Amino acid sequence: MTSRAIALRIVPVELLAARRPQRMVERSVMFYRHAWLILVSGFFEPLLYLLSVQVGFSSLIGEVTYDGVSYDYAEFVAPALMAAAAMNGAIFDATGNVFEKLRHSKLYDTVLATPMTASDVALGEIMGAVTRGSLYSIAFVITMWAMGLVGSPLIVLAVPACVLIGFAFASVGMAFTTYMRSWSDLEYINAVTLPLLLFSATFYPLSAYGGWSWIVYFSPLYHGVVIVRGCNLGVLEWSMLGNMAVLLGLSWVGLRFTARRIDGLLLT
Amino acid sequence: MSDAVIIASDLRKQFDNFVAVDGIDFEVRPGESFGFLGPNGAGKTSTMRMIGCVSPITSGSLTVFGLDPNVDGSEIRSRMGVVPQSDQLDPELTVAENLLIYGRYFDISRSECRRRTVELLDFVQLSDRANDQVDPLSGGMKRRLTIARSLINEPELLLLDEPTTGLDPQARHVLWDRLYRLKQRGVTLVLTTHYMDEAEQLCDRLVVMDEGRIAAEGSPRNLIDRYSTREVLELRFAIGENDANAATLEGIGERCELLPDRILIYDDDGEEALGEVHRRGVDPVASLVRRSSLEDVFLRLTGRALVD
Amino acid sequence: MSTPTAVRVWENHLLRYRKIWGSHLLGAFVQPVLYLVGMGLGVGALVDRSTDSIVLLDGITYFEFLAPALLATTAMMSGGQTSLWEVADGFIWSHRYVAMASTPLRPREIADGLALWHTTRIALAVTAVAGVLALFDETRTWGLLVAIPAAVLTGLAFALPISAWSSTRKNGSSFPAVIRFALIPMFLFGGAFFPIDQLPEWLQPVAYVTPLWHGIELCRGAVIPSVDAGPVAVHVAVLLAYAVVGLLACRATFAKALRP
Numbered sequence: 001m002t003s004r005a006i007a008l009r010i011v012p013v014e015l016l017a018a019r020r021p022q023r024m025v026e027r028s029v030m031f032y033r034h035a036w037l038i039l040v041s042g043f044f045e046p047l048l049y050l051l052s053v054q055v056g057f058s059s060l061i062g063e064v065t066y067d068g069v070s071y072d073y074a075e076f077v078a079p080a081l082m083a084a085a086a087m088n089g090a091i092f093d094a095t096g097n098v099f100e101k102l103r104h105s106k107l108y109d110t111v112l113a114t115p116m117t118a119s120d121v122a123l124g125e126i127m128g129a130v131t132r133g134s135l136y137s138i139a140f141v142i143t144m145w146a147m148g149l150v151g152s153p154l155i156v157l158a159v160p161a162c163v164l165i166g167f168a169f170a171s172v173g174m175a176f177t178t179y180m181r182s183w184s185d186l187e188y189i190n191a192v193t194l195p196l197l198l199f200s201a202t203f204y205p206l207s208a209y210g211g212w213s214w215i216v217y218f219s220p221l222y223h224g225v226v227i228v229r230g231c232n233l234g235v236l237e238w239s240m241l242g243n244m245a246v247l248l249g250l251s252w253v254g255l256r257f258t259a260r261r262i263d264g265l266l267l268t
Numbered sequence: 001m002s003d004a005v006i007i008a009s010d011l012r013k014q015f016d017n018f019v020a021v022d023g024i025d026f027e028v029r030p031g032e033s034f035g036f037l038g039p040n041g042a043g044k045t046s047t048m049r050m051i052g053c054v055s056p057i058t059s060g061s062l063t064v065f066g067l068d069p070n071v072d073g074s075e076i077r078s079r080m081g082v083v084p085q086s087d088q089l090d091p092e093l094t095v096a097e098n099l100l101i102y103g104r105y106f107d108i109s110r111s112e113c114r115r116r117t118v119e120l121l122d123f124v125q126l127s128d129r130a131n132d133q134v135d136p137l138s139g140g141m142k143r144r145l146t147i148a149r150s151l152i153n154e155p156e157l158l159l160l161d162e163p164t165t166g167l168d169p170q171a172r173h174v175l176w177d178r179l180y181r182l183k184q185r186g187v188t189l190v191l192t193t194h195y196m197d198e199a200e201q202l203c204d205r206l207v208v209m210d211e212g213r214i215a216a217e218g219s220p221r222n223l224i225d226r227y228s229t230r231e232v233l234e235l236r237f238a239i240g241e242n243d244a245n246a247a248t249l250e251g252i253g254e255r256c257e258l259l260p261d262r263i264l265i266y267d268d269d270g271e272e273a274l275g276e277v278h279r280r281g282v283d284p285v286a287s288l289v290r291r292s293s294l295e296d297v298f299l300r301l302t303g304r305a306l307v308d
Numbered sequence: 001m002s003t004p005t006a007v008r009v010w011e012n013h014l015l016r017y018r019k020i021w022g023s024h025l026l027g028a029f030v031q032p033v034l035y036l037v038g039m040g041l042g043v044g045a046l047v048d049r050s051t052d053s054i055v056l057l058d059g060i061t062y063f064e065f066l067a068p069a070l071l072a073t074t075a076m077m078s079g080g081q082t083s084l085w086e087v088a089d090g091f092i093w094s095h096r097y098v099a100m101a102s103t104p105l106r107p108r109e110i111a112d113g114l115a116l117w118h119t120t121r122i123a124l125a126v127t128a129v130a131g132v133l134a135l136f137d138e139t140r141t142w143g144l145l146v147a148i149p150a151a152v153l154t155g156l157a158f159a160l161p162i163s164a165w166s167s168t169r170k171n172g173s174s175f176p177a178v179i180r181f182a183l184i185p186m187f188l189f190g191g192a193f194f195p196i197d198q199l200p201e202w203l204q205p206v207a208y209v210t211p212l213w214h215g216i217e218l219c220r221g222a223v224i225p226s227v228d229a230g231p232v233a234v235h236v237a238v239l240l241a242y243a244v245v246g247l248l249a250c251r252a253t254f255a256k257a258l259r260p
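Taken in order, these protein sequences are the chains called A, B and C. Mapping of the first sequence onto my numbering: position 244 corresponds to residue 244, and the numbering continues sequentially without gaps. Mapping of the second sequence onto my numbering: position 167 corresponds to residue 167, and the numbering continues sequentially without gaps. Mapping of the third sequence onto my numbering: position 25 corresponds to residue 25, and the numbering continues sequentially without gaps.
Be a bit skeptical, because a hint or two may be false.
[Unchecked claim] Partial chain A-side listing against chain C, Cβ under 10 Å, derived:
{"no.": "1", "residue": "Gly42"}
{"no.": "2", "residue": "Leu48"}
{"no.": "3", "residue": "Ile61"}
{"no.": "4", "residue": "Glu63"}
{"no.": "5", "residue": "Ser134"}
{"no.": "6", "residue": "Asp185"}
{"no.": "7", "residue": "Asn190"}
{"no.": "8", "residue": "Pro195"}
{"no.": "9", "residue": "Leu198"}
Don't read these hints as lab results, they were simulated from the structure. All values derive from a computational prediction rather than experimental measurement. Even for Gly, the Cβ is constructed at its ideal location relative to N, Cα and C.
The task is simple: from the sequences and hints, build the whole structure.
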C-alpha cells in the first residue's frame, strides 16, 4: 500500500484538499501583532483560577491523597487547570471567533475567492487555535514553576499533551460552530465546558466520585487531566496511551465533521 | 476552439426549490467589459459565484479560461480577481495588511506582496490611509480598497458584483475612472449592476437578466436601438388621473407605458409627441423629454421597472 | 389612570425578553447549580475533612459557606452581563432607546424603565437559585426570603453603574474586558469561594470596596443562622449607594446620549 493510500484511509478525504492552511495562521499572527493585548489577556483567566487555588483552597484543604501518595492541593489542581485552560482556549477560538468570521466579517468567503480551499480554512483555523493555546500552555508552566507548583521536570511533556487537548476541543468546537445559527447558541458551549471543568477530576481525585466515577470517564477533559497531572507529579503510566487515544479519536471525529460540513456551508 | 475567457451554455443553478439561474448561455471575450443587468433576484450574483468557482453548478456547462470550475477551481481563482457585493474587508487588519495577507492567500512572496501593496494603494488613491483600520473608511474608500485587493494577483479577469451600489455620485465617478483604466490595460471585466448609467458607462456588451433567464443581449446602444425609440416623453398627472388620461393619449407615439406614478410615451421625436398631447387638451402636471436608456429596454422586455 | 412611563419602557424590555427567557434562565440557573454540586459538595468534602478549615470557615461546612454566596454571585453576573451588550445595543446597533426617545418618553424615564427591568431580570435569576437552595437541608431556611432582596440589591449595585458606562460606549470592544478583569476576579476572590481574610493583606481593602463582598455577607448571614453578617446597615448602605449613584449616572448619560 502506498503511503498516500494509507493517508487516505486515516485522514478525512476532504482535508487532503488543503494546500496552504498555514496562511490562516499567518493572518492571525498579523492580527495579534497589533492586538497583542488581546493575546496576553487570554492568559488572565487561567492565571486567576490558578491564583484562587493557591490563595484560597490550598489553606482550606491542605493535602490531598492521589494514587496513595499525599500531595499539596495546589500542586494537585494546577495541572488540571492547565488542561482545562487548553480546552477553554481552543474551544473559545474555534467557536466564537470562527463564528464571527464565518457569518459576520465573511472572512472565509473572502479567502475562498482566492486559490485557498475550504479545507485550508478548517485546518488552518484549528492550527491557529492550537498555536495560540500552546503559547498559553508554555506560559502556564512558567507560572506554575514561579509559584512553586511544579512537582516534576516531566511537566515539559504537559505542553505537547495540551496541544493534543487543544486539537481535540478545537476540532470538535469548530464542528459545532458549523451548526451555530446565532450568538446565543454559544450558551450551549458554556453549558458543556463548565460541567467538564467541574467534573473531570479537576478539583478532587476520581475516588471522591464514589460509585459515580464511571461517568467521569466520558469527559474528554478528564483524559487530558490524567495525562497532564501525571506529567506534573512525575508519574507516567502505560494507561495514559489510552487517554491519548481518546483525545486523538475526538480530534479525528471533529475534523471529519468539520471538513464535511464546511464545504457545504461555504460553497453553496 | 474559442478563445473566450468564459463560456456558459445552458447554465443552471438551483437551491432546494428555487431556481436562481435557469439555463443561460453567454460568452465573454478577452479584454472586453461584459455586464449582467437586472433587478435584485434576477440571478446575477448566483451567476457570478459560479464563475468565481465558489458555487457548484447544478447543470449545463461552464468553463473559465478553458478550465472546469469543478476540477480546477483553485487554478481558475488564482488567475482572477473578485470584488464581492459587500466588500468583505478584514475588519481586524489595517488597510495595507488587508492587501498583504490577501496576496499571501495566492502564495505570492512577502516582498512581492509589499511591493504590489504600495503600488495598488497608490492606484486607488489610499496611500495615506495605509496603516489605518478599515472600519472608519467611507463607503467609496472601502470599495476602492476592495478593488485594489482584487488586483493583488494581477488577474486576467476581474469579477465585480454591483461595484457602485450604495455609493454617492462622486465616489461612483472615481470608481468608474479606475475601472476604465484597468480596461485600458487589457483586464477583462465582468460586472453586475442594476444601474443603467453604470452599464452604459462601463459595458461593451451586456445581457439583460430577469428571473434567472437572459432576456436580451447586445451593446448598450444596440439594445436601445432594438428595444426602444430614440426619445421618451414622461408625463405626470395629479393623483388618480393617470388612467383617465391614458385613454385620451392612446395612439400618440409608437408605444405607451402606464406606470403607477407616470405615463411614458415612446417616440423618436418627444417634443412632437408633447405637442400632440397638448393638442388633445391634456394638461399634465409635469412633462419631460429625454433620450431612451436601458431602463426603457428593461421595461419593454419585462414589463417591469428595474429599480423598484 | 395612564401607565407610569417607566413601566411602559419596562414592557418593551419584557416583550423582547419573551424570546430569550429560556436560555437566560437556564444560564443563570444551571451555572450556580453546577458550582453548588461541583464545588460545594465535591470540594466541600475535601475542605470539611481538613482541620484548618473549621477555624477558617468559623465552624460551618463548606457547602453552607458557598451556597448562599451563589445568590450574590448570580445576581452580579446576571446584572453585569445584561448591562453591557444589551444596553449598548439600544444606542448603537438597534437604536431602540433612540427610537423610544423620539416618542414622548424622556431619557430619565427610559433609564428608570431600564432599572425596573434590571430588577425584574435579576430577581428572576436569583429566585431560581434560591429555589435550588431550598432543596438542600442545610440551606432550607426562611432566611432565603431575606437573602433574595439582598441579592437583587447586589445585582443592581453592578447593573446600574455598568449600564451608565455602557451607554457611553461607541462599540462593544471593551465589554469582554469588563467581564474578564472585573466580574470574574470578583467572582473568584470576592469572598464566595473562600473567606477574604485569606487574601494578601493589601488586597483585602479592595474586597471591602466591591459590592459583591457586602452582598455575599448579607446573603450568608440571612441563610445560615450561625453566621454573623456583621454591620448589616453598612452592607445595605454600600449597596444602596452603588445602586443609587448608578441610577443617577444612568439618567445623566442617557440624557446626554439621547438629547445631546
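Results of checking the hints against the structure:
1. Gly42: holds, 9 Å
2. Leu48: holds, 6 Å
3. Ile61: holds, 5 Å
4. Glu63: holds, 8 Å
5. Ser134: Hint on A/Ser134: violated, closest Cβ of chain C at ~21 Å, above 10 Å.
6. Asp185: holds, 9 Å
7. Asn190: holds, 7 Å
8. Pro195: holds, 6 Å
9. Leu198: holds, 3 Å
The earlier numbered hint that this structure contradicts is number 5, and it is the only one.
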